[in-house]
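K.L.:
Next come the chains, spelled out residue by residue.
4 protein chains.
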Amino acid sequence: MSQTVKKTGVKKVVLAYSGGLDTSAIIPWLKETYDNCEIVAFCADVGQGEEELVGLHEKAIASGASECYIVDLKEEFVADYIYPTIATGAIYEGTYLLGTSMARPIIAKAQVEVARKVGADAVCHGCTGKGNDQVRFEGCFAALAPDLKVIAPWREWEMRSREDLLAYLAERNIQTTASATKIYSRDANAWHISHEGGELEDPWNEPSKGVWTLTVAPEDAPNEPEYVSLSIKNGRVTHVNDEALSPYAALMKLNDIAGKHGVGRIDITENRLVGMKSRGCYETPGGTVMFAGLRAIEELVLDKTSRTWREQIAGQMSHLVYDGRWFTPLCKSLIAASESLAELVNGDVVVKLYKGQATPVKKRSPNSLYSESFATFGEDDVYDQKHAEGFIRLYSLASRIRALNTK
Amino acid sequence: MSQTVKKTGVKKVVLAYSGGLDTSAIIPWLKETYDNCEIVAFCADVGQGEEELVGLHEKAIASGASECYIVDLKEEFVADYIYPTIATGAIYEGTYLLGTSMARPIIAKAQVEVARKVGADAVCHGCTGKGNDQVRFEGCFAALAPDLKVIAPWREWEMRSREDLLAYLAERNIQTTASATKIYSRDANAWHISHEGGELEDPWNEPSKGVWTLTVAPEDAPNEPEYVSLSIKNGRVTHVNDEALSPYAALMKLNDIAGKHGVGRIDITENRLVGMKSRGCYETPGGTVMFAGLRAIEELVLDKTSRTWREQIAGQMSHLVYDGRWFTPLCKSLIAASESLAELVNGDVVVKLYKGQATPVKKRSPNSLYSESFATFGEDDVYDQKHAEGFIRLYSLASRIRALNTK
Amino acid sequence: MSQTVKKTGVKKVVLAYSGGLDTSAIIPWLKETYDNCEIVAFCADVGQGEEELVGLHEKAIASGASECYIVDLKEEFVADYIYPTIATGAIYEGTYLLGTSMARPIIAKAQVEVARKVGADAVCHGCTGKGNDQVRFEGCFAALAPDLKVIAPWREWEMRSREDLLAYLAERNIQTTASATKIYSRDANAWHISHEGGELEDPWNEPSKGVWTLTVAPEDAPNEPEYVSLSIKNGRVTHVNDEALSPYAALMKLNDIAGKHGVGRIDITENRLVGMKSRGCYETPGGTVMFAGLRAIEELVLDKTSRTWREQIAGQMSHLVYDGRWFTPLCKSLIAASESLAELVNGDVVVKLYKGQATPVKKRSPNSLYSESFATFGEDDVYDQKHAEGFIRLYSLASRIRALNTK
Amino acid sequence: MSQTVKKTGVKKVVLAYSGGLDTSAIIPWLKETYDNCEIVAFCADVGQGEEELVGLHEKAIASGASECYIVDLKEEFVADYIYPTIATGAIYEGTYLLGTSMARPIIAKAQVEVARKVGADAVCHGCTGKGNDQVRFEGCFAALAPDLKVIAPWREWEMRSREDLLAYLAERNIQTTASATKIYSRDANAWHISHEGGELEDPWNEPSKGVWTLTVAPEDAPNEPEYVSLSIKNGRVTHVNDEALSPYAALMKLNDIAGKHGVGRIDITENRLVGMKSRGCYETPGGTVMFAGLRAIEELVLDKTSRTWREQIAGQMSHLVYDGRWFTPLCKSLIAASESLAELVNGDVVVKLYKGQATPVKKRSPNSLYSESFATFGEDDVYDQKHAEGFIRLYSLASRIRALNTK
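Protein chains in written order, with the UniProt record's numbering: chain A, 1 to 407; chain B, 1 to 407; chain C, 1 to 407; chain D, 1 to 407.
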C-alpha cells in the first residue's frame, strides 16, 4: 500500500471510531494520506455494550488519535429516534425493525457536534462501499454539515480484507487484538444486533446456532411461558411489570426478559439501498415486545381509516429510516402525523413470551373504541340492526348501478 | 312471534343454508312470512368439514325446503379466491388472514347461480345485523344479481337469541339437535376457523384453551421442530415436501402439519366494516405457512420499488376483501397488478414449524436477485465501490442544497 | 301531509336555517311533528353573501322560531378550515376544490355550540336524503354531540318537491317569496358556489351561460391579461398585490379579481359519498388563484420525496373532507403532517389571469432548492458530473442484476 | 483536448444520433478515444419532425459513422409507450406530462436492437451529466443489455460548451451548421417539446414569447372557441371529430388543432431524478386534449374506490416513467392494473378549446354509472332516501363511539 502523494486541505478529522480493526487502521491511514492531519476519535454510546467501550480511549490514543470523545446517547437514542420510529409502525420490508438504521442519524449528529466543537474540517466513517451505512451517514452529514469534507476510507484505499488491515497495522507496529478470521459482521446497539456473512451468505442455509448472541434458541427457552405487562402512554412504554422505567431502562429490561425466551429473531433477505440484496439476521428481543405492545393498543383505539393511514405512515417511515433520510422535512412531517395518532395510544398490555413468540394476550385502553358495556347499549342509542340495511344499500350502490347499467 | 301480515312478491328463495340453528329456523320463518314461498336450500362446500355436510340434505327437506343444493367449491375456493388474495400479501389490519372474508364472494356467486337455475326471485342469508358478512353477501348480490330481492331475517324478525330460535322451532315441531348454550360463534372453511364470543368479548381476557379447535396449544406441540418444504410457482404452492398437490390438497396437508405445531393462531380486536370493534380469534395453520412461503420467495425476487408497490396492493386488497368488494373493477385491477408480480414468485422454501411459529429458514429462486456468485463478480462488471460515492452525492443532493441554501 | 301521532321526547331543536323554502317549511313541520317543540334558528355566516342574511332574523321568527342566531364565521372558516385543507393540496377526484365540503364542519360545530348554549336536545338540517351534506353534518354531530338527536326532515316527511313545500306553507298561511320553479340548486360560501340540476343533469350537455354567477365567461373576460401577486407565509396568502390582508379579505379580493377574468370554473361528474354519481358545476375564482400560488411555491421548496408525500396527504385529505370526517384523529394527523411541510411554503408568486386561466408565471422563495447561483457553484463543491456515473450504476443495479441473473 | 492514451476493448459503438452539434462531435471523439472503433449512428424517429431527419444519413457518414439507421417508431411510441402511460393518469409533480421521459425507453430499446443486429459491444448517448436522460437511457440499457458497455461522453470528455464543440469539429475539418449561441435547450417528439435555459433559468422570469414553438400564445389564439370530439375505446382515442385515426395520426391532428388555440403550455420547476431542481417549459397541445378526454370518461365510469386506486397507480407511474424504470416488473404491474381499469374507459367527449384552455364540456359512455334515467328509477328499486339514515349511522359509528367512550 504505497500512498506517495499526500492529499492536502484536511487539517482535523473527526472519525466515527469503534475500536475495531477497521477504524483502528483508519487512524494511521488518515494521517499518512491526508498530510498528517489531526484525528479526533468519536464514539457514540448507543447501548452497544460496556465491553465495547472499555479501554476505548486509550486504544484511540495509542492508534494515533489526539483525542477521544465517548458520548452517552443511550436515553436520547431510545426517546428521540427509536420511539418516533416505532410509533409509526415502521418495519422495513415487512420484517426488519430498523435497528442499525435508526442509530445512524443520532451518531452522525453527535459526530458533527464534536466536529464543530473541535473545529474539524472533515468527518470520516469506516463503512464499506457496498452497504447502506455509508449512505445513511453521508446523507446526514449532507443535511447537517454540507461544508464538512467526508472521508470514506473503504472507498478510497486499496485494502480489501482483514488480512490487509492486519498487515497494514503490523507494518506500523500498531498493536491490535483483532484476529484474521471473523465469521460474522455484526452491529449492536440498545435496540438490536445484526449479523451478516458466513453461512448466511447463502439464503438456502438455515442460520446456525452460533449466529445468535442476544437470544437463546426457542428450543432452549424455558418450558413455561412468562407474562410481561407494559403500561403505555402516548405510544411510549412507561412501566414494565408495573415498574416505572426510563425509555432506555425499559428497553434493557425487556431485552433481558425477552432474550431468555428466544424472542425477536429475524432472518431476512433485504433490498439494500444501493441496489443489491443482502441477507441478514437480526435480534431485537425487547423491541419486539415493545412493538407488539404498541400495535396491541392500536387495535383498541384506532378506527379503520386512522389505522389504514397509520400503515401508510409506517410504509413511508420504514424506507425513510432505512434510507438514512432522517434530517429531512419528510421525516418531520411523518413524525408529526404519527405523534398526532400516538396521543391515543394509551393503555396496558400483557404479552406472553414463550419459545420465541411474543403474543399480546390482554389489552385495555382508556381510549378504546371497544368496550363490553357497548354491547349493552340500547339499540336505539347507538346501533340499530335495521340501520345495516340502509348502510349496505348505499355502500353497494355503485356496484348495483354498474350491474344495472351494463346489463 | 306473530307475523300477521304475509309479505307478497316473493315466490322462490334460495337460502344460504348451513344446517345450524339459525338457518334451520329461517326456513319456516320465510314460508310463514313470505306467503308460503318455496325455499331452496343451498350449501357451499368451501372445506368447512365433512361433519357439517352429513345429513344436510335430509335436514333441509325436513325443515321445509323443497330442494337442497350442496356445491363443492373447495378447489375453486383455494385456486380462484385464496391464491389471488394471498399473492397480494393482504392481511387485514396487520393480523387477520381474511379467512371468512375470502369465502363470501364464492358462496354468493354460487348462490346466485343456483337462484338463476331454479328461477328464484330472492336470496336469503342468515347473517346478523351487526356483522360484516351481511355487507359482503349483499355487496356481491348487488354486483351479480341486482334484480334479486335480498332477505336478511336477522334484520327483520324480532328474535334475538338462541332461546328465541329454539322456542320458535319447538312451536312448529321442527326437531333440532342445537342446544341453548353455545359459547363461541364460529365460522370454518378450508383456510381457517374463526371464534367470537364468550370470554373473548373482553380484550383483557386471554383466550382460554377451549377456544381453539384446529391447532394444538404451542405448549402442547412437539418438542422437536418439523421442517416442511414448499415448491412455489407463480405464487402458488405446487408441492409440499416434494409431493405435487392440488391447491386444496396442499392446503389440507399444510393444515394438518401446521396444526400439530400450534401454528396459525391469531387474536385480534379489529375494526368491522360497520363501524364498531370486535374481538376475534382465528386459526389459519396451513395458510400461515403458505403465506410465509410466498413472502420468503418475494424476499429474493422483488426489488425495492416492486416490493413497496406490492405492499400497497396488499393494503388495498386487505380492505377490499374484508369489505366484500370482490366483484368490482378495483378487485380485477388489484389482481392484475399482483399476478404480474407473481410471475416472479417461483422457488423453494423450507419452513421450520416449532411451538406455534412458522419460520422460513431456507429459500431459493430461479428469479432471485441474490446469488452467492454475485459476490464474486469482478467489481468492474457489476459494482464498483467507487460508484457509491457518486450515488451518495446525488442521492443526498437535495439535502445538501437545502442545507446550503438555508444557511 | 297528515301527521297524526305527535312524536315526543324533543323539547328544543336548533335548526341550521338559511331562510330558503326548505328550512322555512321545516320550522312549522318540526313544531307539528315533535309535539310543539321550541325551534331555535341558527345561521352560519360563512361568506355566502349579505343578501342571504338580510331580514333573516325576522323571517325566522315569522316562520315560528323562538330565536335566531346568526354567527359570523367568515375569518375562522378561511383560517381554520380552508387553509388547512388547501395546504395539503386536496382536490376531490382531481377537480373539485371542496367548497361545500369544507363549510360543513364549521357550521356543524357552531350549531352544536348554539345547541349547548340554549340547552337544546336536538339538531336539525335541511339536507336531502340523496346528497353528501346529510352525511357530513351528521358525521360531525356524531363526533361532537353524540347525545343530541338529529332530525333530517327530508328523510322523514313525505314532501318531495318545491310544490309540496309551497302548498304546505300556504296551508299554514306562512308567507314566502320562494317560487315554484328554480332551475339550479346552489350552495355558496366565501370559497365557492356550486350549481346542480337543470340541463346539468345530462353530462352530455354543455353548461349554459345561465349556470354561472361568480365568474364571467372566458369569452367575455378582458382581452388583456392581469397579473396579481401573492405573498405567502407558511402556506397562507398574507398579501395580495403587496397589500396585507386577513385570510378572508385576501380571498374576497382574489374572488373579485379572478372572477372578472373567468377564472375558477369547474364542471365535474363526481362520485358522491352515498354511492351514486352527480354532476356539478362549481366556481372558485379566488380559491383557484390561491391554490395555484401555494403549488407554485411548493415547486421551489419541496424535494422529490417530500412532494410525493404531500400528494399522498392531499389524496387522503380530499376524501376525508369530502366525506365529512373533519372531527377525527385522522384529520388531526393529516393536518399535522401538512402543516409541518407548510413551514417551508414561503415566498412570492405572480399569477397571470387571462380568459379563464390562472397561470403562475413568476415564483421565488427563501426556502427554494433552486437558485441561479447554484449553477455557478464549483463542481467539486456540490455536483460533479462524474458522480452521475456512480449514481446511475447503483440506481439501476437491481435491473442489471435481474437481467444478468435471468439470462 | 488531448486524448493521448487510446482506450481499448470497444470495437463497435451504436450511438444515439440526432445530427445536432453534440452527437456530431461525439463521432470523431469516439473514434479518437476508443482506438478507432466503428461508429453506427442510430436515430429513432419518434415524431420529432421531418426537418430533424432530412439529410441525417449523409451527415452521419460525413461525420465518420460507418452506417446510419433511422427507425420509424412513431406509431409504436404512441401506442405502446404514451397510451399505457396516460391511461394511468400519470403527471409528474402535478404538471408535467412526461413527454421526454416516455420517449427514452423506446429509443433505448431500438438502440439495443440495432446494437444486437450489427454486433456492437457498446452503446453511446449524448446526454449531459446533470440531467435525467442519462439515467433513463442507462437504466434501460442495464435492463435490456447489461453486457453492453455504455459510453457517456459528456461525463468523460473535458469539453463543457458549444464553443468547445465547435472548436473541436473545426480542428478536424468537420463541417457543421450549428451556431455558437443557442438560447434554449430543446427536446421534441410526437407528444411534446421541452424548453430549458435562457431566461427560464430564473423562476422569477415569465417565459418570453420566443420560448414557445408548438403553440400560439393564448392572446394570439382565435377569439372563437373550437370544439373537438373524441371517441375513446379502452382508454385510447380512436376517432377525432368522427374520423377514425391511428394513434399517431390522432395525436398529430390534435396537436394541430390544439396548438392553434394555445393549448398545452406548461411551466414547471421540477425535481430532477439526480437531486437538483430545474425549470422547464413544455408544450403538449394534442396530448393535453387526449389526457383531458380520458379523465372526462373516467368521471363517468369509475366508482369512488376505483378512481382513488387509479390515482395511486398514476402517482407511481409518474415517478416510474420520469425515473426511467420502464423495463421493470413494477412497470408491468402498474400497466396491468391500469389496463384493467381502462377496459371501462369507453365513450365520447367534446372538448372546448379556447385561448389556452381545453375543457371537456360534453361526455357520455356506455359504461357510465351516471344516467338521467337513474333519477327516475323507483326509489324502492335502487335508492330509498330512508336508507341514508342507516348508512350515516354506521358510517359515523366509530366517531360516535369515540365521543361516547371518551366523554
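Please note that a few of the clues may not be correct.
Intra- or inter-copy, both count: the list cannot distinguish identical chains.
Said to hold, decoys possible - Below, simulated DSSO-like cross-link-like pairs (lysine-lysine); rule was C-alpha separation at most 27 Å, straight line:
| id | residue 1 | residue 2 |
| --- | --- | --- |
| 1 | K209 | K7 |
| 2 | K130 | K362 |
| 3 | K31 | K253 |
| 4 | K31 | K233 |
| 5 | K209 | K260 |
| 6 | K352 | K209 |
| 7 | K386 | K130 |
| 8 | K11 | K253 |
| 9 | K12 | K386 |
| 10 | K362 | K260 |
| 11 | K260 | K182 |
| 12 | K117 | K233 |
| 13 | K182 | K386 |
| 14 | K386 | K11 |
| 15 | K149 | K130 |
| 16 | K209 | K31 |
| 17 | K233 | K182 |
| 18 | K386 | K352 |
| 19 | K7 | K117 |
| 20 | K352 | K260 |
| 21 | K332 | K233 |
| 22 | K182 | K362 |
Note that these hints are calculated values from the structure, not bench results.
K.L.:
If a hint holds in the structure, say so; if it doesn't, say that too.
P.N.:
Here is how each hint holds up against the structure:
1. In this assembly of identical chains, K209 and K7 lie within 27 Å of each other by CA distance neither inside one copy nor across copies; the values are 46 Å within and 51 Å between.
2. Taking identical chains as interchangeable, the C-alpha atoms of K130 and K362 lie at most 27 Å apart only when they sit on different chains, with a minimum of 24 Å there against 44 Å within one chain.
3. In the homo-oligomer, the alpha carbons of K31 and K253 never lie at most 27 Å apart, since the shortest distance is 42 Å inside one protomer and 65 Å across protomers.
4. Proximity of K31 to K233 under the C-alpha cut-off of 27 Å is found in neither arrangement, the shortest distances being 50 Å within a copy and 49 Å between copies.
5. Taking the shortest Cα distances, K209 and K260 sit within 27 Å of each other both inside one copy (15 Å) and across copies (25 Å).
6. In this assembly of identical chains, the alpha carbons of K352 and K209 lie at most 27 Å apart whether taken from the same copy (24 Å) or from different copies (14 Å).
7. Within a single copy, K386 and K130 get their C-alpha atoms only as close as 62 Å, which misses the 27 Å cut-off; across copies the closest is 9 Å, which meets it.
8. In this assembly of identical chains, the alpha carbons of K11 and K253 never lie at most 27 Å apart, being 44 Å within a copy and 59 Å across copies at closest.
9. Taking CA atoms no more than 27 Å apart as the test, K12 paired with K386 passes between copies only; the shortest distance there is 24 Å, against 76 Å inside one copy.
10. For the identical chains of this complex, K362 and K260 are neighbours both inside a copy (21 Å) and across copies (25 Å), given an alpha-carbon limit of 27 Å.
11. In the homo-oligomer, the alpha carbons of K260 and K182 lie at most 27 Å apart inside one protomer (26 Å), although the nearest pairing across protomers, at 40 Å, exceeds that limit.
12. For the homomeric pair K117 and K233, neither the shortest alpha-carbon distance inside one copy (36 Å) nor that between copies (34 Å) is at most 27 Å.
13. Taking the shortest Cα distances, K182 and K386 sit within 27 Å of each other only across copies (25 Å), while inside one copy they are farther apart (69 Å).
14. Within a single copy, K386 and K11 get their C-alpha atoms only as close as 79 Å, which misses the 27 Å cut-off; across copies the closest is 24 Å, which meets it.
15. Within a single copy, K149 and K130 get their C-alpha atoms as close as 20 Å, and across copies as close as 22 Å, so both meet the 27 Å cut-off.
16. When the C-alpha separation of K209 and K31 is checked against a cutoff of 27 Å, the pair qualifies neither within a copy, at 41 Å, nor between copies, at 58 Å.
17. For the homomeric pair K233 and K182, neither the shortest alpha-carbon distance inside one copy (43 Å) nor that between copies (38 Å) is at most 27 Å.
18. In this assembly of identical chains, the alpha carbons of K386 and K352 never lie at most 27 Å apart, being 40 Å within a copy and 48 Å across copies at closest.
19. Taking CA atoms no more than 27 Å apart as the test, K7 paired with K117 passes inside one copy only; the shortest distance there is 24 Å, against 48 Å between copies.
20. In this homomeric assembly, K352 and K260 come within 27 Å of each other (Cα to Cα) both inside a single copy, at 13 Å, and across copies, at 20 Å.
21. For a Cα distance limit of 27 Å, the shortest separation of K332 from K233 qualifies both inside one copy, at 21 Å, and across copies, at 19 Å.
22. Taking identical chains as interchangeable, the C-alpha atoms of K182 and K362 lie at most 27 Å apart only when they sit on different chains, with a minimum of 23 Å there against 43 Å within one chain.
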